[in-house]
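Just need the whole structure built from these sequences, with the hints factored in.
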Amino acid sequence: MLKVLFFGQLKDIIQTEHLEIEVIQNDQSGKEGQSHKPIKTVAMLRHLLQKKDDIWNEHLAYGKALVAVNQEMTSDDTALNDADEIAFFPPVTGG
Amino acid sequence: MSHFTQISVQSQDFDFAYEYQKLRDSSHSDGALVTFVGLVRDMNLEMSVSGLFLEHYPAMTEKVLNGIVEKARAKWQLGSVSIIHRVGQLKVSEQIVFVGVTSQHRQSAYHANEFIMDFLKTQAPFWKKETTIDGDRWIEAKSSDMEKSKNW
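Protein sequence lines correspond, in order, to chains A and B. Here my numbering runs 1238 ahead of the position in the first sequence, where the first position is 1. Here my numbering runs 1 ahead of the position in the second sequence, where the first position is 1.
Be a bit skeptical, because a hint or two may be false.
Unchecked claim - Taking lysine-lysine pairs in the DSSO-like style, the calculated list, with each CA pair at most 27 Å apart, reads:
id, chain 1, residue 1, chain 2, residue 2
1, B, K130, A, K1249
2, A, K1302, B, K130
3, A, K1302, B, K76
Since the hints were made in silico from the structure, they are not lab data. Small disclaimer: the values here were computed from a predicted structure and weren't measured.
Pasting the structure below:
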């Protein structure tokens, strides 16, 4: 299970703070649209989330939402493992 | 009395004089102490601001700040380093951030202090939401901040 977190303006826009996604979802239910390929990288997770709707598509786009895996800022080619914590957020504005 | 690294992310205010004294007391071999304090401004982008809400990513914030201090210590010979960053609801003119650095001579302390702030602004997971008369709005990251951190 991947733990996915959202912060800042992104969290407000998509009205989601966190969600959990299975790395591999078996399509045993037979219902279409409920299964997905194994999520092996950040890019695959981003792509899957973007498919949710137009708003997610726009605001989770590469270059718009930064990403951290297990609390370290990283790039989209990073491999994901079960139980990883992935966070998407806009460019930071502290200080 | 010995050199230290202090990282604190907190909602409560900090006492500048107390933090300054802690840095002073940490060593008698350092001849320089540089501090920076960031405050909430009453105007931003020509809009009147009445307050600021600071959100952060708790598990990540201290990790990133520690990493920035490690990088600074690798670049300059530093004594003590202290970073305090506030989160939650803040009013105009309240203190947001404190960065204090000691070193034997002033140049290292000046440079390291600016380095820490430049990286904090582009790497540490904090997000500011302003309260204005037209409602709340999230602050957009400045490309000038990004450029500045690239110059190091």
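Any of the earlier hints contradicted here, and which numbers? 3
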